[in-house]
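*Asks:* The working numbering puts the first residue of the sequence shown at 2, with every later residue one more than the last.
Incorrect hints may have been included.
[Claimed, not checked] Computed cross-link-like contacts, EDC-like style, restricted to lysine to aspartate or glutamate with a CA-CA straight-line distance of at most 16 Å:
#: 1; residue 1: K94; residue 2: E112
#: 2; residue 1: K357; residue 2: E288
#: 3; residue 1: K355; residue 2: E278
#: 4; residue 1: K174; residue 2: D162
#: 5; residue 1: K187; residue 2: E288
#: 6; residue 1: K49; residue 2: D173
[To be verified] Ranges between beta-carbon positions, derived for each pair:
#: 7; residue 1: Q51; residue 2: R217; range: 34 to 44 Å
#: 8; residue 1: E112; residue 2: F138; range: 25 to 35 Å
#: 9; residue 1: H47; residue 2: I329; range: 26 to 36 Å
#: 10; residue 1: A245; residue 2: I329; range: 15 to 25 Å
#: 11; residue 1: P164; residue 2: P287; range: 50 to 60 Å
#: 12; residue 1: L340; residue 2: A245; range: 35 to 45 Å
#: 13; residue 1: T219; residue 2: E168; range: 46 to 56 Å
#: 14; residue 1: F138; residue 2: E331; range: 49 to 59 Å
#: 15; residue 1: P287; residue 2: F323; range: 20 to 30 Å
#: 16; residue 1: K113; residue 2: P287; range: 23 to 33 Å
#: 17; residue 1: Q51; residue 2: H328; range: 40 to 50 Å
#: 18; residue 1: E112; residue 2: N34; range: 16 to 26 Å
#: 19; residue 1: N34; residue 2: V307; range: 19 to 29 Å
#: 20; residue 1: G110; residue 2: G344; range: 20 to 30 Å
Hints listed in this document are in silico derivations from the structure and should not be mistaken for laboratory results.
All C-beta atoms, glycine included, are put in the ideal place defined by N, C-alpha and C.
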Amino acid sequence: MITKRIPSVDYFRGFILFLLAAESTDLYHNLGNLFPDNFLITQFFHVKWQGLHFWDLIQPGFMMIAGAALYFSTYKRLDNGDTYLTLWPKVLKRSLLLFLFGTGLHCLGKEKLVFELWNVLTQLSVTTIIAFFLLRFSIPLQIAASLLLLLLSHSLYVFSDIPGYNEPYTPDKNFGSYMDMLLMGKLSGGHWIAINCIPTAAHTIWGALIGRIIHRSTSHQIIIRTLLGLGILGIFVGYGLDFAGIPIIKRTATLSFTLASGGWISLMMAAFYLNWERSKPILPAPEYILSFGKNSIFIYLFFESVGPQWLNKASFVFVGGFLEKIHITENIAELVNSLVVLGIIGGIAVWLDKHKIYISL
Numbered sequence: 002m003i004t005k006r007i008p009s010v011d012y013f014r015g016f017i018l019f020l021l022a023a024e025s026t027d028l029y030h031n032l033g034n035l036f037p038d039n040f041l042i043t044q045f046f047h048v049k050w051q052g053l054h055f056w057d058l059i060q061p062g063f064m065m066i067a068g069a070a071l072y073f074s075t076y077k078r079l080d081n082g083d084t085y086l087t088l089w090p091k092v093l094k095r096s097l098l099l100f101l102f103g104t105g106l107h108c109l110g111k112e113k114l115v116f117e118l119w120n121v122l123t124q125l126s127v128t129t130i131i132a133f134f135l136l137r138f139s140i141p142l143q144i145a146a147s148l149l150l151l152l153l154s155h156s157l158y159v160f161s162d163i164p165g166y167n168e169p170y171t172p173d174k175n176f177g178s179y180m181d182m183l184l185m186g187k188l189s190g191g192h193w194i195a196i197n198c199i200p201t202a203a204h205t206i207w208g209a210l211i212g213r214i215i216h217r218s219t220s221h222q223i224i225i226r227t228l229l230g231l232g233i234l235g236i237f238v239g240y241g242l243d244f245a246g247i248p249i250i251k252r253t254a255t256l257s258f259t260l261a262s263g264g265w266i267s268l269m270m271a272a273f274y275l276n277w278e279r280s281k282p283i284l285p286a287p288e289y290i291l292s293f294g295k296n297s298i299f300i301y302l303f304f305e306s307v308g309p310q311w312l313n314k315a316s317f318v319f320v321g322g323f324l325e326k327i328h329i330t331e332n333i334a335e336l337v338n339s340l341v342v343l344g345i346i347g348g349i350a351v352w353l354d355k356h357k358i359y360i361s362l
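Please build the complete structure, drawing on both the sequences and the hints.
*Replies:* Next up, the structure:
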């Protein structure tokens, strides 16, 4: 029976949301302007095509922690008397809302009605249904299903022979691009692919499995060893496939990328679990990180809509205006503004948490 929250899961989710909130304020962009070509800062930007930066792990982390949260919320409801059958309408409603919010964010970004399926929430709306369907099955069957999805996606890219879209590892000339044209009649300017929901469903499934391991294991050591073992295995196989000719490409979620990124996230989750396995963490984290995680979807929608559409600009009127008066350069003023806006978002998250206001789908 699930009787209490898992601090490592909550903090990891909050950590992911905090990093995404910082991106929405243009913090990394502004740091890049001040320190061009800095290796550490470049890690907070996606690789242009092939390879793997730290920032390429954020979406897989978002997917995996969503899977873990799905496991815990499902089994908590099952412990309270619900059944899988009665939970299906709730899951379908949540997935529909995720889909609508994901597509809606594209409309806000373009400032007009568009139909685009590249947002992480849109992807999650599909992977949530797949992961929930598999929750009741055994661990080996869930692993087999996730690998089947990866092989299906890989096969579609490698073996399809559609004229103009038969180059699996070339931007805008692969099977995923063909499906984008079929579904939306357009391609993403950043080479993102809508059917990434097929391979990245593996991330949500693996996240749910990690939740299951944490819930059902009686030994902290077993949990840590399992997470470390899965992480090392994923990294070894993922980079091995990259070396063998299946390149690591996040934008099309290649087989090697999905496995390698899943491995890195497993190691990160092992580190978080190790830190919070005791009543007192080894390395304490600010409480506001936890507040981000407790209202994850609402906070994400807030900083992805209100943030770039209004808050960043409104804040700069005052922050930038004041700093200009004391002759601070524009680059530094923009950086300070990013920190101020991030503080505002964090303050909202803390206020909601303090008043026990949790907005879920």
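*Asks:* Taking the hints in turn, state whether each one holds.
*Replies:* Here is what the structure says about each hint:
{"no.": "1", "hint": "K94 to E112", "result": "violated, 26 Å"}
{"no.": "2", "hint": "K357 to E288", "result": "holds, 14 Å"}
{"no.": "3", "hint": "K355 to E278", "result": "violated, 24 Å"}
{"no.": "4", "hint": "K174 to D162", "result": "holds, 11 Å"}
{"no.": "5", "hint": "K187 to E288", "result": "violated, 43 Å"}
{"no.": "6", "hint": "K49 to D173", "result": "holds, 13 Å"}
{"no.": "7", "hint": "Q51 to R217: 34 to 44 Å", "result": "holds, 38 Å"}
{"no.": "8", "hint": "E112 to F138: 25 to 35 Å", "result": "violated, 44 Å"}
{"no.": "9", "hint": "H47 to I329: 26 to 36 Å", "result": "holds, 30 Å"}
{"no.": "10", "hint": "A245 to I329: 15 to 25 Å", "result": "violated, 52 Å"}
{"no.": "11", "hint": "P164 to P287: 50 to 60 Å", "result": "holds, 54 Å"}
{"no.": "12", "hint": "L340 to A245: 35 to 45 Å", "result": "holds, 44 Å"}
{"no.": "13", "hint": "T219 to E168: 46 to 56 Å", "result": "holds, 50 Å"}
{"no.": "14", "hint": "F138 to E331: 49 to 59 Å", "result": "holds, 56 Å"}
{"no.": "15", "hint": "P287 to F323: 20 to 30 Å", "result": "holds, 26 Å"}
{"no.": "16", "hint": "K113 to P287: 23 to 33 Å", "result": "violated, 39 Å"}
{"no.": "17", "hint": "Q51 to H328: 40 to 50 Å", "result": "holds, 44 Å"}
{"no.": "18", "hint": "E112 to N34: 16 to 26 Å", "result": "holds, 25 Å"}
{"no.": "19", "hint": "N34 to V307: 19 to 29 Å", "result": "holds, 24 Å"}
{"no.": "20", "hint": "G110 to G344: 20 to 30 Å", "result": "holds, 24 Å"}
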